[in-house]
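Chains A and B supply the protein sequences, listed in that same order.
For the first sequence, the residue numbers in the numbering used here are 1 to 504.
For the second sequence, the residue numbers in the numbering used here are 1 to 76.
To be clear, the hints were calculated from the coordinates, so they are not data collected in a lab.
Ideal Cβ positions, reconstructed from N, Cα and C, are used throughout, including at glycine.
Don't take every hint at face value.
With a straight-line Cα cutoff of 27 Å, these simulated DSSO-like cross-link-like pairs (lysine-lysine) come out [claimed, not checked]:
#  : chain 1 : residue 1 : chain 2 : residue 2
1  : B       : Lys3      : A       : Lys318
2  : A       : Lys66     : A       : Lys155
3  : A       : Lys72     : A       : Lys95
4  : A       : Lys324    : A       : Lys95
5  : B       : Lys3      : A       : Lys364
6  : A       : Lys314    : B       : Lys3
7  : A       : Lys24     : A       : Lys95
8  : A       : Lys72     : A       : Lys164
9  : A       : Lys364    : A       : Lys318
10 : B       : Lys3      : A       : Lys88
11 : A       : Lys364    : A       : Lys378
12 : B       : Lys3      : A       : Lys324
13 : A       : Lys380    : A       : Lys364
14 : A       : Lys68     : A       : Lys24
15 : A       : Lys164    : A       : Lys24
Which stretches of chain A does chain B cover? Using the computed rule of at least three CB atoms under 8 Å from a CB of chain B, they are [stated by the list, open to error]:
#  : region
16 : 153-165
17 : 297-307
18 : 323-334
Anything over 12 Å on all C-beta distances counts as not near chain A; from chain B, calculated [claimed, not checked]:
#  : residue
19 : Met1
20 : Glu2
21 : Lys3
22 : Thr19
23 : Ala27
24 : Glu40
25 : Gln43
26 : Phe45
27 : Phe49
28 : Ser52
29 : Val53
30 : Ser62
31 : Ala64
32 : Trp67
33 : Ala68
34 : Glu71
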Amino acid sequence: MTFISPWFLGGLCVLFVLYYTLPKRAQWPLLLLASLGFYALAGWAALATMLVTVAVSYGIAMHMGKLKAAQKAYVAQHRNSMTRDERKGYNAAQKRRQRSWLIAGLVFNFSLLAAVKIGEALARTEIIPNMIFFVGISYYMFRICGYLIDVFWGKVEVQRNPLKLALFTIFFPYAMMGPISRYNNVSEALLGEKRMDWEWFGRGLQRMIWGFFKIMIVGFRLRIAVEYLAYTPGEYSGMFSFFAMLVWGAALYADFSGAIDISIGIAMCLGIRLEENFISPFRARDIFDYWRRWHITMGTWFRDYVFYPLSVAKFMQKWPTRLKIHLATAVTWFTTGIWHGVAWNFIVWGLANGVVIMISQELKPAYAKFNERFSFTKTKAYTCFAVLRTFLLLTLIRSFDIYMDVPLTFRHFASFITRPQFGAFFRYFGENDIWFGLTPLEWLVAALAISVMIAVPWFRREARGDEPKRRPPAIFWALLVLAIFIFGVYGLGFDMQDFFYMQF
Amino acid sequence: MEKLLELLNELYPDVDFATYDARRDGALIQSLEMVELITEIEQRFDVEFPPSVMGDPEHFHSAAAIWALIERLEDE
Chain A
1 MTFISPWFLG GLCVLFVLYY TLPKRAQWPL LLLASLGFYA LAGWAALATM LVTVAVSYGI
61 AMHMGKLKAA QKAYVAQHRN SMTRDERKGY NAAQKRRQRS WLIAGLVFNF SLLAAVKIGE
121 ALARTEIIPN MIFFVGISYY MFRICGYLID VFWGKVEVQR NPLKLALFTI FFPYAMMGPI
181 SRYNNVSEAL LGEKRMDWEW FGRGLQRMIW GFFKIMIVGF RLRIAVEYLA YTPGEYSGMF
241 SFFAMLVWGA ALYADFSGAI DISIGIAMCL GIRLEENFIS PFRARDIFDY WRRWHITMGT
301 WFRDYVFYPL SVAKFMQKWP TRLKIHLATA VTWFTTGIWH GVAWNFIVWG LANGVVIMIS
361 QELKPAYAKF NERFSFTKTK AYTCFAVLRT FLLLTLIRSF DIYMDVPLTF RHFASFITRP
421 QFGAFFRYFG ENDIWFGLTP LEWLVAALAI SVMIAVPWFR REARGDEPKR RPPAIFWALL
481 VLAIFIFGVY GLGFDMQDFF YMQF
Chain B
1 MEKLLELLNE LYPDVDFATY DARRDGALIQ SLEMVELITE IEQRFDVEFP PSVMGDPEHF
61 HSAAAIWALI ERLEDE
């Protein structure tokens, strides 16, 4: 089941009514039931795997919590009789014990994730037929492993109720595609009692409408064109391929950020604020900026739980700082690639990001000098150039998703020079009535919708945490709903795998 | 604190850390720079930074916040 199904929307209405009419203490159990139901529709095996993960993680977190409490009590009791070095030694020994439990938990969870990912990779090559689709597994694994690490670090209190931990793990709005929420950010709102706030509820609905608009008018529509171009890759090279890459950027952004808008919107209607996952990524000035704007919760997850711990790891303590940074960057981006799937295209995509980041980092002093030397770098035009450069660079990197085949993607890059097909590309539009599977009118609708996406600044402000000065009038939302009904692409919306980011 | 300000001014010569506050002036220390900063602090002060604090902006928004963290870590 996806967000775009009459069953889902009907169920959601029933949930909203029950949520605000039943006693408030029933709110979180109701959300858990709804989430389990939602997840069970993805398959019983997937549900069972998720429950095993929660059970094991719960046991380990509880045990780490007990060890921590005992450590704290011991230190408090012997505060005066221990020297600073003795206390440090004791704390270090206790930390080692807790770390071994943490590692056991992480190894268990990530082995399970690896087994599923490898299974999926083999299923793609048809070595294993009928592989079960473990929807959202990467997302819930990262949420629960983040929780385990936070418990170990002492950043969060241990959750003593396993059912509450289960709700945090698979709260249905973020179960399938994120955001990858952190326990300390959402647990209070998720598990607390909420009163109906009509203003907040209305804003949640608006956010959902915005998401549906992006997905159904732009995302699904443009995916048709991308698939059309990608399925006959030999023919559509050069300029065609570049066009496919541009369209894919718009399609993926609309599809993924739209789904996140719906997740955040549903949670807002339930009185819960989730983390933002996108803040105008195409306005990024460099790749660092881009990754602070695109799939933010994944980026910060890898930064906090992989990059930082690795970069200050003891075995690298004596290494030069730049070497540490580069190694940690390479490992982080390699694992980010693998997180998306055990396939070369994802691994190369991750490493490509890592390499560009490393080169950009090395060039930073040169850029700083350049910017200081030439005053035109402070002009708006230069900012536009930087934004365009970043956009094109990330468009190329993102294209590993389109063809799902690394050598083929590189051949397409080469074709920009060896077989650019400029003339053929522009002639194509004159010679054909249907352009890459879509009529000219469909292209016009998509282009207009993209213009609306770019022109509407309210959500951008809201995502940044600013209070928008002026909110769109009711007529704007009515027009969006009308547009979704008239121009929405429904044909794709009823299949589990339709959202690109749902496969992870 | 003097020693910390000296270090911060070496790393960011253009910024006046006596008054800088990321909550008002915008984030300055990004993830890659964070590693540089932590490495330098660990070398110059007798502290070990747990990775758990590195992702928390509240420890790094100003020189005073960083100094408070160093003092806390020295005590641990």
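Any Cβ of chain A at or closer than 12 Å to Glu71(B), or is the non-interface label fine? Holds, because the least Cβ-Cβ distance between Glu71(B) and chain A comes to about 14 Å, which exceeds 12 Å.
Taking only the CA atoms, is the gap from Lys164(A) to Lys24(A) under or equal to 27 Å? Measuring from Cα to Cα gives roughly 15 Å; hence the hint holds.
Are Lys72(A) and Lys95(A) close enough, with their CA atoms no more than 27 Å apart? 11 Å, holds
Should the label of Ala68(B) as a non-interface residue stand, given a Cβ cut-off of 12 Å to chain A? 17 Å, holds
Checking one constraint from the list: CA of Lys324(A) to CA of Lys95(A), max 27 Å. Satisfied? Given that 27 Å is the threshold and the Cα spacing comes to 24 Å, the pair holds.
With the threshold set at 27 Å, check whether the alpha-carbon distance from Lys3(B) to Lys324(A) stays at or below it. 24 Å, holds
Mind checking the alpha carbons of Lys72(A) and Lys164(A) for me, to see if they're no more than 27 Å apart? Distance of about 25 Å is within 27 Å: holds.
Under a C-beta cut-off of less than 8 Å, do 3 or more residues of the region 297-307 of chain A approach chain B closely enough to confirm the stated coverage? holds (count 4)
At a Cβ distance under 8 Å, does chain B reach at least three residues of the region 323-334 of chain A? Satisfied; 4 residues make the cut.
Within the assertion that chain B covers the region 153-165 of chain A, do at least three residues meet a Cβ-to-Cβ distance smaller than 8 Å? holds (count 3)
Check the non-interface label on Ser52(B): least C-beta distance to chain A beyond 12 Å or not. 4 Å, violated
Could you check that no beta carbon of chain A comes within 12 Å of the beta carbon of Phe49(B)? At roughly 6 Å from the nearest Cβ of chain A, Phe49(B) sits no farther out than 12 Å, so the non-interface label is violated.
Taken one by one, the earlier hints fail for this structure at numbers 7, 14, 23, 24, 25, 27, 28, 29, listed in ascending order.
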